Structures are given as C-alpha cells and as structure tokens.
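**Q** Listed in order, the protein sequences are those of chains A and B. Numbered per the working numbering, the first sequence finishes at 512, counting up by one with no gaps. Numbered per the working numbering, the second sequence finishes at 1136, counting up by one with no gaps.
It should be emphasised that the hints constitute simulated quantities derived from the structure, not laboratory data. None of these values were measured; they are calculated from a predicted model. No residue lacks a Cβ here, since even glycine has one placed at the ideal position from N, Cα and C. Don't take every hint at face value.
Computed, partial: chain B to chain A, Cβ under 8 Å [stated by the list, open to error]:
1. Phe832
2. Thr848
3. Pro852
4. Ile857
5. Ile859
6. Phe861
7. Ala865
8. Phe867
9. His869
10. Phe878
11. Pro879
12. Ala882
13. Arg883
14. Lys887
15. Phe930
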Amino acid sequence: MSTSTIDPSLRHQRREQALMTLLAAPAVLVIAALVVIPVGWLAAQSIYDNGFTLEHYRRIFTEEVYWRSFALTFRIALMVTLLTLLLGYPVAYAAAHAKRPWNVLILACVMLPFWTSVLVRAYAWLVLLQRTGVANQLLERFGLITEPLAMVHNELGTVIATVHILLPFMVLPLYSTMQKIPRELMLAGASLGGGPLYSFRRIFLPLSLPGVVAGLTLVFVLTLGFYITPELLGGGRTIMISMVVSRNVELYNQWGAASAVGVVLLICVLAIFAAVGRIIPLDKMLGQK
Amino acid sequence: MATIGGERVEIRSASKHYGSVRALDDVSLDIAPQEFVSLLGPSGSGKTTLLGILGGFIQPSGGSVHLGGRDVTYTPPHKRDIGIVFQNYALFPHMSVGENVAFPLRARRLPKSSYAEKVRGALAMVDLAGYEERGIGQLSGGQRQRVALARAMIFEPRLILMDEPLSALDKQLRENMQIELRQLHKRLGATIIYVTHDQREALTMSDRVAILKDGKLVQIDKPERLHDHPANAFVASFIGEATLLPVERAGQDSVSLAGTVLKSARPIAATGELVLAIQTEKLLIEDGSGSPERNRLEARVTDVVFQGESLRVFLALDDGTPLSLRQPSHYEAAGRIPPVGERLALSLHPQDTIIVPKAGA
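Between the sequences and the hints, there should be enough to build the whole structure, so can you do that?
**A** Rendered as structure tokens:
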C-alpha cells in the first residue's frame, strides 16, 4: 500500500499523536525512574531474602501486631476522612459561593498550612494540645472541663493534627466541583418550588458528589501512609502502618518485612482507587471536568 | 394539560440600586391576565434585574410586585408559583427528562401517583412524548429548551418568566420556536413575561412590548404601535431598521430635512429638538404611482447590498446625509435600483414620516 492512499486527516492525526507522545516522554521517564523502579525493587525485596520466600507476607497475615496496626490505621483514616468532609464541605461551599475577594481569602486560609512544613505543624499541635497547652487552658477557663484532657500522645492527637494537615486535600476537590455547578440550577430549584434545603439535597448535594468522592479518596489514601504526624502526636502508642515499616527498618533492620508491609499497603491503596474509579473516572475525580 | 390560570401582574415603582448605580429606576408595569409581554432593551437596561425581582431572586430597593392581586414583594422564590425558563435552561444534569419535569411536583409533595400522568401530559405539550427516560446530555438544544418549558409549566404556575430562552439556538430553530411559543401561549392561556434583546423576537410573539433603557421604562405598547408611534428617538432606533436624522421644525405638521420640507400626518412635538425616523422599508423608490400628498426626496446611490430576500440600498442626500432603504429582491423591484453613483427619486408617505423628540436618544 502506498502512503498516498492514507487519508490526509488521518495522517495529521497520527503525526499529532506522535508529537504528544514525544512531549509526554520526559515525564514518563521521570516517573519510571523515581516510582516504577523503586517500587519494583521494593516488591522484589519483599519476596527475596536469600532466595524466594513468602515468609514476610505470612507474618503480616498471621501476627497480631500487624493486624492491629492495619486495623488502627484504617480506623484513623476513616475518622480523619469523615472529619475532614464534615469540616471541609462547609468551607468549600462558602468559598464557592463567596464573592471575589472573600473566596480568595477563604482558599488562602485553607492553603496557608500547605506552605508550612508538616513537621512544624505537628510540633505546633503538640504545643497546643499538651496537658498545659492552650487548648486545655481554654477549655478549663470556660469551665467545660475540670481536668486537662489527654489530647496528645494518643489516637485523638493523631486524628486532630492529621485532619488539619489533610483538610486542603478535601477542600480543594470539593471547591473545584462546586465551582462548576451552575448557579442557575439552584435558582431554578427555588423557582420550581424547592425550598433551600430541598434544593440543596436534590440538586447541589448530588452534583457535588464527585468532589466528595475525590476528597474522601485522597484524604483516606494519604492518611493510610501518614508518618510524621502519628509518630509525633501518637506518643509511641498509636502505631500506624507507616511506623511499622520504619521500625522494621530502623530497629530490626528487616528490609524484607518492611517491603512486604509497604507492598500490602500499596495494594490496599490501588484497590481503593480501582473501586472508586469504577464509580467515578479518575480524571473526573482529579478535577478535570 | 388543563389551561393555566394566568394571573394579573402589577409592578409598582420598582427600583433597584447598587450603590449609586440605578439598575432599575421607578418602573411600573401592569400586565393583564394571560398577556404575553416582552421586556426589550439593550444589555444593562434593567430587564434582567426586573426579571430577578419578579422571580424573587432580587430584593427591590423600593416599590412592590403584585401577583393576582397579592403582594409578593417579599415572598421567597419557592413560594411564588412562578415558572421560570432560564437562558441556559438550567436543567438538572443528574436527572432524566422525566425527573426534571417532575421536580416541581416532588418539591410540592404532591401524591406520587399523579406524577407519571402529569409528566406525560407536560412532555406531550412540548412535543416530547416518550422522552421521560432520556438523559439531559442526549438532547439537542431545541429539545432542552422544550424540557425547560415543560418543567416550568407542569405545576400550573401563576406566571411564566422567560429569560432569553431562545438565544442559544440557531436562527432557523429560533424562528420556529418563536412561532411555537406563540401558539403554546394561546393554548395555555398563561401570563408570560419574556426577556429579550432581540426586537424581532419581541415583535413576533408579544401582545405588548416594554422597552427599557438605563433602568427606566421608555415605552410599553403593542408591536405595531411601537413601530409606528415610537415615543422617542431611542425607541425609533431600537425597533426596526431606522435611520435617524435631525430635522428642523418647518410648520405645525412639517419639518425640514437639509432644505427639503416633509409633511407628517402625525402630531409633532411643539418644543425640543426633533428627529426624523425613516424605516428602511418605508422609504420607496419614486415611480409616479404614490399618493399625491407623498413627500419627495432625492439621493445618490452609494452602495447596494444583496441580503437574500431583500436588497439594502445605501443612499446619500445632496449634503451627504446617509439614508438607506430596503427593496425586495424579486426581479421587478430589484430592477428599479439604479447603479451606484446614480441619482434616485424617493418618496415617503406622510403616514410613514415619523417625527420623534430627540430626548432619550
């Protein structure tokens, strides 16, 4: 077949595709070098310890320490996710509906913590929440408590600080989705006889669901792998999965065991994305229309 | 579907100020039951503000709105029973056609058993029978428009507001929908207030057209009256395709245009600056057949533009004043147009010699 029989528009389309592939190549290479290879190495290590072995996996699924850590991690992730949704939804709603200077201000307040190191913020929470910290003092001053609450070195502290750190990951996808909901829809709802609550429930809420799912997924997945915050605010008693990994490496020099835990966590995360992706396509979830 | 009980709408001295900007300035309108009234004006004329006040989305700074004799100025939108068709239809994208149309019934907590039949009736009304299960994304622009209409009618609203509902459609479809809306209005007997910036659309469908400018009501009249009896130069320029020329008062019933005296059969304002509004279709090529009292003019042809069903002839009077006229494009009429550069004798009947005060232009 000579090339002259090919439709010129098809040829143009092919050339465009080739160009796009070329443009994406550097990014693909970086990802391959920095993600695929290390993860592959990690996976290999988990099954190779002086010969092929599934010993590390067997221990994960049989030893209670691991089970408890996984259960705790998922419980904390669930709590953090629900709390960020509860706190983030009204903020995103306000930002999406406020007029020009105010919406920027609200978003700036949400983003501000983003620009401070996670470590600094974790220490800040440690100071705020400790026995003689500002939070306890205020609660006592207002007579809400008679004895200082234990808000650090436990699960509660971890949850509070993690919620704060991950709130932007909830607010931003919510805001991006809400902003795209045409204003007339709520006006239409009102004109057709729907009161404010009814119209919200039947129109705004369902249309904001993609953002909700995106936020839930992001926060949940990020919490699963959270390390610094639980390490600092958990006080050594709240052992999340990431800490199990680090302890395996640092204390016991068990790279194989650490890798196996990492692989299991990775599979959990991929499973979550796959499940969510069935409901809402990933590109839509990440705010691309 | 049964006839909708269209109700009287009274707008009394409605105003809306945003800081020092008067978006709407003391507008009063009295709309009869089952009347089709268009609000016509350029952007920024206040027509959308007025619609917002009627719909309950905008609180007026002053004045009141009465619907069927009841003051609804401070009634929230969802308790007004006004069906609104929005510019972009505002259909709910996550609901099917049937669910969209049933929304007002559900919101009113009407018995569920009545939905299916009412939805069927409303969709049949707009020629979309059997479309209940379709998704909004599967519909064409014209079909969305009809769904929006069905949804706004199904609860038998006391008034239907339409905010430039046809502006997103292409010309052909728009003109078909105009005729359909007109017929639908007659069948339904609803009171309809229709916002548009398209004068032809307003003239086609309306019983009366209200012209707004800078937040003020300039004139409200039947389409023919607006065309033939514009209140001032602004209305004359906005309706039809008029050339406005400043003229001098020459007598009780005549004016002088660049030295030529023109008689008018209409009363001429005794004071103030005057403007002659010549609609392109009223300026005729003189062929000796007109009535004896016709005004005569002479001009030079500067350009001829073919526009399909008609030709637009651009002319200049001896002193250079530009004019234009429209000639049907059929063989005989087009044959009367001389080549560019030639002189042409024109006639204008005194009934078509419209003299308006300049104020308001």
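**Q** Decide, hint by hint, whether the structure agrees.
**A** Hint check:
1. Phe832: Given a least distance of 6 Å, the restraint on B:Phe832 holds.
2. Thr848: violated, 16 Å
3. Pro852: Hint on B:Pro852: holds, closest Cβ of chain A at ~4 Å, below 8 Å.
4. Ile857: holds, 6 Å
5. Ile859: Check passed: Cβ of B:Ile859 comes within 4 Å of chain A, closer than 8 Å.
6. Phe861: holds, 5 Å
7. Ala865: Constraint on B:Ala865 satisfied, holds at 4 Å.
8. Phe867: holds, 6 Å
9. His869: Hint holds; B:His869 Cβ to chain A Cβ min 5 Å, cut 8 Å.
10. Phe878: With Cβ-Cβ at 5 Å, under 8 Å, it holds.
11. Pro879: This hint holds: B:Pro879 lies near chain A, its Cβ roughly 4 Å from the closest one there, short of 8 Å.
12. Ala882: holds, 4 Å
13. Arg883: holds, 5 Å
14. Lys887: violated, 15 Å
15. Phe930: Since chain A brings a Cβ to about 6 Å from B:Phe930, closer than 8 Å, the hint holds.
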